[in-house]
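Asks: Letter by letter, the chains look like this.
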Amino acid sequence: MSQSTVPRPPTPTEGGDPSTEPAPPGSGGRRRSRRRADALPPGGITFRHRLRRDYVLVLMTLPAVALLVVFAYLPIAGNVIAFQFYSPYAGDGFFDSMANSAWTGWENFQRMMEDRDFWRAVRNTLMFSGLQLLFYFPVPIALALLINSVLHSKVRAWSQAVLYLPHFFSWVLVITVFQQLFGGAGLVAQLFREWGWSDGFDLMTDPGFFKWLITAQVMWKDAGWGIIVFLAALSTVNTELYESAAVDGAGRWRRMWHVTLPALRPVIALLLVLQVGNMLTIGGEQYLIQRTAVGPGASEVLDTYVWHRGIEGGDFSYAAAIGIVKGIFSVGLVLAANRVAHAMGEQGVYSRR
Amino acid sequence: MSDTSVLVHDGEEKEVGKRQRPAWEEPPTRIGQTAKGTILGIALLAILFPLWIVLVTSLSDAETISRSGGLVVWPQGISLDAYRELLSGGEVSRAMAVSIGVTVVGTLLSMTVSVLAAYGLSRLGSLWHRTLLFTLMATMFFGGAGIIPTYLLIQSLGLMNSYAALILPMAVNVFNILVLRAFFMNVGQEIIDSARIDGASEVRILWGIVLPLSRAVLAVISLFYAVAYWGNWFAGFIYITDQDKLPLQNVLQQIVVAGERPAGMAQAIGTGQIPSLAVQTAVMVLALLPVAVLSPFVQRHFKKGMLIGAVKG
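Taken in order, these protein sequences are the chains called Z and X. FYI, in our numbering the residues of the first sequence are 1 to 353. FYI, in our numbering the residues of the second sequence are 354 to 666.
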C-alpha cells in the first residue's frame, strides 16, 4: 500500500512539533521512518489541518476530562479551605461559602502541632503500615514462587482462581467473615465455649490485638491477588538461564537465588516504592468500619481522623489541612523510596534523568 | 484474526495437564512435594473454609443452628427460609436493587467514558494528545487529597442522598484508562490504516475493529469497575443518610457488624422462627455471590491485562 493514498495528512515529525511523543520501540519506529519519506509541506502541517483530522479523538476524551475536572480538579482546588476558617453557612454552596469565609493563614497547620489525637493517628498509621510492610509484603512473593513451581497446570489454574477471589470482596464482607470466625459469637469463641476453655473470646473488639487483626485481614484479602504481578514477571524469565545454571551444577535453591530472584528484583523494587508511598494512605473503609468496635485509640489512622474531624465533627478547614499534609508527605515518601531504589540500581516508579 | 494474536503474549502455557519436566531439572524430593502441597493447601483452605461455613450456616434451619451453638460446619437441616424472607421485598431486597442498579449503570457509564478516552488518546502525535494525557495522569498523584472538598462539593451540587453520588465521583479511574489505552495501541496499525483508506470514521474503527479485538481487556476492566461499584461502602456511608436509599454493603454492615435486625424481620428473628445468624450469613452470601460467580470467568485474562498495565502504566 502506498502512503500517498491515505486521505489523512500524516502526523508531523518531531522537529516540526514539540507535542509529538517519541515513538515506542517496535512498530512505531517503522511508521516514523515512513513518515519522513513523505513530502511534508514546508513547516509541517497547520493547526487547522490537525484540528480537522483529530477533532473526533479530542471529543472522545472530553467526557473523561470533564468528569475529572469536576470530581478531581475542583476538589483539589477546594483544598484552599485549609487556609481559611471555612463555614458551610457563610454562603450559598461550597464555592460561595469559601469566598465568604475568613482567611486564617497557617493557623490550621499550627493546630496540628499541639493536637495529640492527630499525632496518635500518625503513630497508628505508621505502625500499621510498618507491620504490613514487614509481614504482608513478602507473602505474595513466596506464594508466587510456590505456585510457579507447581507443574500441573490444572492445579495452578484452580489455585489461582481461589487465591484471587477475596481481592474482589468488599471490605465490609471481609470484616464480616472475620467476625463470624473470631468475633464474640464466632466459630472460635463457639468452640472455646464448648470445650470450656474461655468465655470471653472476642478478637474483633480487642484494642490490643487490632494491629494483628487488620494485618491478617489485608493478607486474607490481597495476598493472593498480589502474586499476579510476580507470576507475570516469572513467566518472562528465560528458561535457558535455568538450564545452563543446572548444567553448571546449581541446585534448585541456588537457581532460585541466582536466577529467579534477580529476575523479580525490578518488580519487587517497584512495588516496594509504591507501598512506601502509600504508607500514609492505609485506612479508609477497613478502619472506619471497625472504629466503633475497638475505639479510636487503637484504630484511628490519618484517613479516619480526617473523616472524624471534618465530616463527623464539622471542622472542615482543619480536616482539609490534615489531608494536605498527608498528601505532601506521601509524595515525599515516594520520591525518597525511589531515590533508594535508584541507589540500588533499580528503576523504581520513574526513571533517572 | 483471532483474539489472542494481537495481545502481547506473556508466555502463559496453553496446554492443559502436566508440563513435561525438562531433562536438567532434578526430580522433586518427597519432603519438598509434601511441604509445597501442605502450604498451598493451608492457603486455599484459609480462603475457602470461612466461605463454606458462612454458606452452610445461611442454608441451615433453626434447629441445626441452635444445636451447633452458632455457626454450622457440616450441613444437616437445610432451610431456605432466611433467603425467602430477605428476598421477599424487605430492606435487603431494596438494598440489593440499589446496588445492582448502581453497579450496572455505573459500569456502563465508566466503560463508555473510559473506552472513548482510551481510544482518543491512543494515537501518538494527535492534536493535544500530550496535554490531555497529562490532564488525566496528574490526578493519579494527588488521588486521596480530597475527602473533605469532595464531600463539600457533592453537598453543594445537591447530590446528597442521590444515587449519582454513588456513581459520578468514582466514574473515571485513570489507571483503567491507561490499561485500555495500552491495549488499543497494540491493535495492528495496518488494519486501522486500511480501514481509514476505505473511509471508515474513527467511531467506526473503534466500534468495528478495535473493540472486537480487545474483548479480553474489556472484560477485565468491566469487572474492575463493577467490583468497585458493588463493593463500595464509603460513598453510601457519607453521602446517603436516607435509610431507604442505602446500598447493600451499608445494610450488610448494619446487620452483621452493628448487629441490627433488618426492618420488617425483627419479629421473625425475635421469635426464633428464623435464626439471626442465618439472616446475617445469608446477607453475606448475597453480597459475595455476584463477585464469586463473575470473577472466575474473567480470571484467565487477568495476567495479560496486568502485565501490560504494569509495563506501560
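Please note that the accuracy of each hint is not assured.
Stretch-level coverage of chain X by chain Z, calculated; a stretch enters the list once three of its residues show a Cβ under 8 Å from a Cβ in chain Z [said to hold, decoys possible]:
no.: 1; region: 463-471
no.: 2; region: 485-493
no.: 3; region: 506-516
no.: 4; region: 522-533
no.: 5; region: 575-584
These are computed hints drawn from the structure, not numbers from a lab. For every residue, glycine included, the Cβ atom is placed at its ideal position computed from N, Cα and C.
Asks: Do at least three Cβ atoms from the region 575-584 of chain X come closer than 8 Å to Cβ atoms of chain Z?
Replies: holds (count 4)
Asks: Can you take a look at whether the region 522-533 of chain X is actually covered by chain Z? Rule is 3+ residues, C-beta closer than 8 Å.
Replies: holds (count 5)
Asks: Establish whether the coverage given for the region 463-471 of chain X by chain Z is satisfied; the threshold is a Cβ-Cβ distance below 8 Å, and no fewer than three residues must meet it.
Replies: Holds: 5 residues of the region 463-471 of chain X have a Cβ under 8 Å from chain Z.
Asks: For the region 506-516 of chain X, does the count of residues with a C-beta closer than 8 Å to a C-beta of chain Z reach 3?
Replies: holds (count 3)
Asks: Tell me whether the statement that chain Z covers the region 485-493 of chain X is true, taking a Cβ distance below 8 Å and needing three residues at minimum.
Replies: n = 4 at 8 Å, threshold three: holds.
Of the hints listed earlier, there is not a single one the structure fails to meet.
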